[in-house]
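Trainee: Below are the chains, spelled out letter by letter.
There are 2 protein chains.
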Amino acid sequence: MLNFDFHNPTKILFGKGRIADLAGEVPAGARVMLTYGGGSVKKYGVLDQVKAALSGYDLAEFGGIEPNPRYETLMKCVEQVRSDGIDFLLAVGGGSVVDGTKFIAAAAVFAGNPWEIMETRGAAVKVALPLGTVLTLPATGSEMNCGSVVTREETKAKLPFLNPAVFPRFSVLDPTTTYTLPPRQTANGVIDTFVHIVEQYLTYPAGGKVQDRLSEGLLLTLIEEGPKALAEPENYEVRANLMWCATLGLNGLLGAGVPQDWATHMVGHEITALHGLDHGQTLAIVLPAMLEVRRAEKHEKLLQYARRVWDIRDKDQEQSVFAAIARTREFFEKMGVKTSLGDYGIGEEAIEAIVAQLEAHGMDRLGENRDVTPYLVRQVLQLCL
Amino acid sequence: MLNFDFHNPTKILFGKGRIADLAGEVPAGARVMLTYGGGSVKKYGVLDQVKAALSGYDLAEFGGIEPNPRYETLMKCVEQVRSDGIDFLLAVGGGSVVDGTKFIAAAAVFAGNPWEIMETRGAAVKVALPLGTVLTLPATGSEMNCGSVVTREETKAKLPFLNPAVFPRFSVLDPTTTYTLPPRQTANGVIDTFVHIVEQYLTYPAGGKVQDRLSEGLLLTLIEEGPKALAEPENYEVRANLMWCATLGLNGLLGAGVPQDWATHMVGHEITALHGLDHGQTLAIVLPAMLEVRRAEKHEKLLQYARRVWDIRDKDQEQSVFAAIARTREFFEKMGVKTSLGDYGIGEEAIEAIVAQLEAHGMDRLGENRDVTPYLVRQVLQLCL
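Chains as they are written, first to last, in this note's numbering: chain H, 1 to 385; chain A, 1001 to 1385.
FYI, nobody ran anything at the bench for these hints, they're computed from the structure.
Here the structure is a predicted model, which means the values were calculated and not measured.
Positions of the beta carbon are idealized from the N, C-alpha and C atoms, including for glycine.
Errors might be hidden in some of the hints.
Some chain A residues well away from chain H (every beta-carbon gap over 12 Å; in silico) [said to hold, decoys possible]:
hint: 1; residue: K1051
hint: 2; residue: E1061
hint: 3; residue: A1157
hint: 4; residue: R1184
hint: 5; residue: E1348
Distance condition first, Cα-Cα at most 30 Å in a straight line; then the derived BS3-like pairs of lysine-lysine [to be verified]:
hint: 6; chain 1: A; residue 1: K1315; chain 2: H; residue 2: K315
hint: 7; chain 1: A; residue 1: K1042; chain 2: A; residue 2: K1011
hint: 8; chain 1: A; residue 1: K1126; chain 2: H; residue 2: K11
hint: 9; chain 1: H; residue 1: K126; chain 2: A; residue 2: K1042
hint: 10; chain 1: H; residue 1: K228; chain 2: A; residue 2: K1315
hint: 11; chain 1: H; residue 1: K51; chain 2: H; residue 2: K16
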């Protein structure tokens, strides 16, 4: 096991009706900015529940944070936060709203040019406004971590940043808010969670037996519960387990003490930035190909994954590995998400631009062994066609 | 899944050599009291490592905190903390030292009679001195939770208290400090961890699929790694996994959103208080009997435990249940811990006093269904003979 620090101060309020408990968590007397995305939190009454819970607080609002939140949009909110003298941010929505709000929290009190936050991947952040979240789409884990991904429209750059200052103070997770999610978003969320876990699990053996067991347990839960959420969208138990799975999938626990990959995510980000695919769709395309191309370096963990997650006990190791990758792809398809670039109308001609963007963003050595070069990414993308 | 709050602010510094990082965690300029137990942290150099890491700090010391830390001892430290103007406590040792230090932290700034802390099970605590830990014995999980168990010698009362004010600010977990543990303590630690997990897992189905998978994963790790620690005490990987397992076994994660039992622990505490057995020994005695007596109410989870943890797929359900209980007992024996009262020279005549103490401590309705009455405890203890 590798040495590690683990520190996650976010408080989780989980369950039916927990939005009503918001007032106990937001500091008394705070001027609060509610941030949200499109109309769904309005349409389905979540925003009204939040406002009712915070009656008596001085509330401002900023809506219109888009999926893959844009720097340009977020900076408008930063201006409003500064001019309104806001001292607490409450994100109401999915991972994009939460990610965007983390950027706003850091940028609002940042001394220099806020784009430095992204350029330094968060290292330049010293302080941030406090924030909380009311999550309505389980997927990114952003509700209980200190990471964020922001897109700059003018340069088509979708980049991550990390800083402990942007850990949410609390997150309210009410599974009933996810009943109304369109199937596509439910599926994307399950796939995003699945791939988060895989990026922390499917590398090389490093003695993290505890971490392996935890990751395998969450993957099994997703495989069992994911399809049920499509069949029975108002099954509380199913929604609750998927929501908790998504949070634990990227709150630092699974990756503490073990190598991490993240090559699939970085390639996926470029596809989204250039072609507008959903994040979950890009992961469903890239992961199976990534595992196939890198099956030699990931051999031992792929065998363990085959055995413990998919119950594949083929005597031929290579066949086990291929079967596990095939089952992974089938699972994504079963969730209703297509797994090749061609399914989204993207052909071979797109490959060079994706690789060029990765290089432009300094991502020419990805993966747990830093050996996922542009050359290898090309191979992966060829397999994705 | 039940509604829950989850909030664990303790920072973990895990791995070889991490004691050297203490200075970054203890507030600069703090007057620090180092608390410890017997001689082992001195003998094996852990205390020296701590002092070297904290050179430049104003350090005081209080040694002699015994296993099952006594109120009487802890109150002596409280006096010293007050007279020395201590403002940070650093526990160096196992769960007893950590538990004792939590009591000291709360009692040192408590307005009334500190025994009220125990009588109210922690509810009377408003503030506590900040504390950190350097753990040398993985078992109790106290290094990452806000619970503590204290024994009052004069009344033979071993009682728990809980309060968020006593969460350690940080805990240093260096697995190499556990290389020198006597086999008995290694085994007790594995069994304590095992039973912590079982108390949160083996109740009735409540839709916590995520929690079940996490618990099962940790139980499997203990079963695989526990015996290896006895055979290869200086195997880093084994020690690291057992240490992280113990912490995660009782940091609030497994029990969040599911029913919890704890009857085995409460009965075990009375046996320790009256007869001086190690905590792990009492659990190894009580758990198998407790599961047998309550196998009807725990039927579904016992079957799941049989299947997923012990890979028992007997067609006869009752046989599966009994086989799982038998395997549990065998595992404890394999760890070198005896599993009946008779093995420790305790006979039937002891039963009434144990039951009377439980009643005296208001514990006449234990377990996840509050139906473990003195009548039932008598049955359990009869089976333990």
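Trainee: Flag every earlier hint the structure violates by its number, smallest first.
Mentor: 9
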